[in-house]
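Number of protein chains: 2
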Amino acid sequence: MANDFTVTPWEVSGEIDYDSLIREFGVKPLDDKLLERLEKHTKGLHYFLKRKIFFAHTYFDTILDQVEKGKKFYLYTGRAPSGPVHLGHMVPWMFCKWLQDKFNVNLLFQIPDEEKFLFNENLTMEETKKWSDENILDIIAMGFNPKKTKIFLDTECANLMYRHACSVAKKITLSTAKSTFGFTDSNNIGEVFYTSMQSVPAFLPTILEGKTTYCLIPCAIDQQPHFFMTNDVAPKLGYPKTATILSRFLPGLQGMHKEGKMSSSIESTTIFATDTPRQVHDKIMKYAFSGGRDTLEEHRKLGGNPDVDVSYQYLTFFLEDSKKLEQIYNDYKSGTLLTGDLKKLTVDTINKFLKKHQARRQKAKKMVRKFMLKC
Amino acid sequence: MANDFTVTPWEVSGEIDYDSLIREFGVKPLDDKLLERLEKHTKGLHYFLKRKIFFAHTYFDTILDQVEKGKKFYLYTGRAPSGPVHLGHMVPWMFCKWLQDKFNVNLLFQIPDEEKFLFNENLTMEETKKWSDENILDIIAMGFNPKKTKIFLDTECANLMYRHACSVAKKITLSTAKSTFGFTDSNNIGEVFYTSMQSVPAFLPTILEGKTTYCLIPCAIDQQPHFFMTNDVAPKLGYPKTATILSRFLPGLQGMHKEGKMSSSIESTTIFATDTPRQVHDKIMKYAFSGGRDTLEEHRKLGGNPDVDVSYQYLTFFLEDSKKLEQIYNDYKSGTLLTGDLKKLTVDTINKFLKKHQARRQKAKKMVRKFMLKC
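Heads up: the protein sequence lines correspond to chains A and B, in order.
First residue of the first sequence? That's 372 in my numbering, and the numbers climb one at a time after it.
First residue of the second sequence? That's 372 in my numbering, and the numbers climb one at a time after it.
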């Protein structure tokens, strides 16, 4: 039976059945045993893990093997600069920051500025450069360790990247790329080549340091096809398999069923990292899909449905206090908490989060040079 | 009717019908009118032109238009480093040198080190780097103007090249690449992308100088498919169409019908730029396909066939003295010149050419830095 959802690096739409996605993508669930093993090292688990926002992985056990042997691994994530950063982008970065702090490891942050240029008919290189500059401020504002984090643009570090991308590309046939990504002969030759550039940072420390260095990639699950390619090629080039730890998608304000994951291209229903408190308030109040009943009376009597309510979903991503979250869930389900009040709680939670972010973003402007990879 | 020869950037085989190739490739013959126009500026024609070794072109008239408007153009050629340089490689470079001297123009010399790596299963990046270093000595030894010539490797100048290659790649569908180059789904994704890197130097001065600058590419005709792609894309990116001036192939010692164009991969029947006089002698004496008769008696009586004789072909490429060449042609045809003597004349001509080359190649070692593009 065909899925009624789509998940590729370039399209996420429909109501996603994550269990079915795990099977389809051939990844593994982040089970309790693995989380317990992780917790021994991190002394506590990020609420993203407890709430199954990060819910799947590939080869994450090999990273823990390294840790248990007293060896370092490193983190790799990225941001394709096609517009302003929104809340959905920040989810893997928040988790990256937690992992960096807990394990005191390096982070390679790729800005594949050519990717969006190649895949988006109307986007120019001038625009991707502009968005790169903007997005880098949001990345730095996440609070990564400046001594252990390097950010780079593909086009600006091509002297470093391109030769290794060719090594990867040599091992990937058109046929494989087509079946992995759904390309057809009407795709352009840059789109088809691009995946090899996304593979390179998974090998770069091994190449540069001249010794095997394991890589862990925290990202949303739509990026996994790239890293299947990476791992198809890795052993052929003598590199270790790359591990991924994979998150669900933050839905757009109107919910996954209506607009898929949050997307910069739908401005009115997307909360950006630089939105004002008023903008956040108005967007949520006006657009957030509600699990409430049609009338106040019905809601009080029958209760709301937090499982489909987008405001509530956002709280699961941004409200750290799990007790409070549980209370909200129960109150909304029982009907004591009304939709308007739930929305206000979400507005406050997100505005508190963004206030801190925007203050750090302001300071980030002076830190850019420190974070950029010299290449 | 299918041709019984093949000409692509990666394979040249069979006895080539150049008139039919002109039609098939949609290029134009270098006709007398165009040569007369050129001669007005160059005060004399290179013997490659008189002998139709350079025999075809695309948009060469637009270059003469520029010249006649008092504007500069520039030259672009290249060398994919998969082995030692042989005589066949040097033919377009000799012509490039002549054009550079006559018009006092800049030359961009691309070393697409990733190309051969991508297309040759067994070649490593270490080998392409080694051959790049070697080949650059031969390039410099051609006598190009060090103030007006810049050599660069694709992987080392990828910061400069890759972003523009992506601009080109965005305009080329897989479908177009397949029909132009004969790719199938079993080609690798790097092979398919590569043509966009070969296009970039045709636009680079226009990009870097911020004003329209015309480009002329002297090369063997097998490279033309790349520049069809270049010219397909050029107007879409606002660049002028690139001109090419195209040469025939120097055959391998056993002749086009047996081994196609001269190729580094067939060592015994290829004359390398660094061959000793003895090696040149032995290779020609042993392998050069002869147009002579089976017996001395028959040869004296019926005469030889210079048109199929490979030694004679080589003289058309390397013996500048046209009167002497004509004499040799007539003597061989009439039977007064024997095959052994013709071969000796060829050995002497090539050894004289290589002696000068090798002396300049020795001096080139100290000039490398001066010739390399800073990028």
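Wrong hints could be hidden among the right ones.
[Unchecked claim] Cβ-Cβ distance ranges computed for the label pairs, FRET-style:
1) A:E395 to B:T379: 19 to 27 Å
2) B:S557 to A:P400: 29 to 37 Å
3) A:G553 to B:K473: 49 to 57 Å
4) B:S550 to A:V739: 30 to 38 Å
5) A:C746 to B:S557: 29 to 37 Å
6) B:E580 to A:P517: 34 to 42 Å
7) B:D388 to A:N493: 42 to 50 Å
8) B:R422 to A:C746: 46 to 54 Å
[Said to hold, decoys possible] Covered, in the sense of this in silico footprint (three residues per stretch, anywhere, with C-beta under 8 Å from a C-beta of chain B), are these stretches of chain A:
9) 521-535
10) 544-553
[As the list claims (entries may be wrong)] Each computed DSBU-like pair below joins lysine-lysine, with the alpha-carbon atoms no more than 35 Å apart:
11) B:K521 to A:K500
12) A:K500 to B:K500
13) B:K521 to A:K518
Don't read these hints as lab results, they were simulated from the structure.
Everything numeric in this text was worked out from a predicted model, so none of it was measured.
Note that beta-carbon positions come from the ideal geometry of N, C-alpha and C, so glycine has one too.
Review point. Could one say that the CB atoms of B:D388 and A:N493 fall in the range 42 to 50 Å?
Key: holds (46 Å)
Practice item. With 46 to 54 Å as the target window, see if B:R422 and A:C746 comply at their CB atoms. Key: Roughly 49 Å apart at Cβ, these two residues keep to the hinted range, so it holds.
Practice item. Please test the hint of 29 to 37 Å on the beta carbon pair from B:S557 and A:P400. Key: Given a distance of about 35 Å, which is inside 29 to 37 Å, the answer is holds.
Practice item. Measure nothing beyond the straight line between the CA atoms of B:K521 and A:K500; if it is 35 Å or shorter, mark the hint as holding. Key: holds (28 Å)
Check your understanding: Are at least 3 residues of the stretch 521-535 of chain A within less than 8 Å of chain B when you compare beta carbons?
Key -> Answer holds; 9 residues pass the 8 Å Cβ test.
Practice item. Measure nothing beyond the straight line between the CA atoms of B:K521 and A:K518; if it is 35 Å or shorter, mark the hint as holding. Key: violated (38 Å)
**Study point:** Range agreement (Cβ of B:K473 with Cβ of A:G553, hint 49 to 57 Å)
**Key:** Holds, at about 53 Å.
**Study point:** Verdict on chain B covering the stretch 544-553 of chain A, where coverage means 3 or more residues with a C-beta closer than 8 Å
**Key:** holds (count 5)
Check your understanding: Falls inside 19 to 27 Å, the C-beta gap from A:E395 to B:T379?
Key -> violated (40 Å)
**Study point:** B:S557 and A:C746 - C-beta distance against the hinted 29 to 37 Å
**Key:** The hint (29 to 37 Å, Cβ to Cβ) holds, given that A:C746 and B:S557 are roughly 34 Å apart.
Review point. Is it true that the CA of A:K500 sits at most 35 Å from the CA of B:K500?
Key: Holds, at about 32 Å.
Check your understanding: Regarding B:E580 and A:P517, is the given constraint of 34 to 42 Å on their beta-carbon distance met?
Key -> holds (38 Å)
Of the numbered hints stated above, those contradicted by the structure are hints 1, 4 and 13, listed in ascending order.
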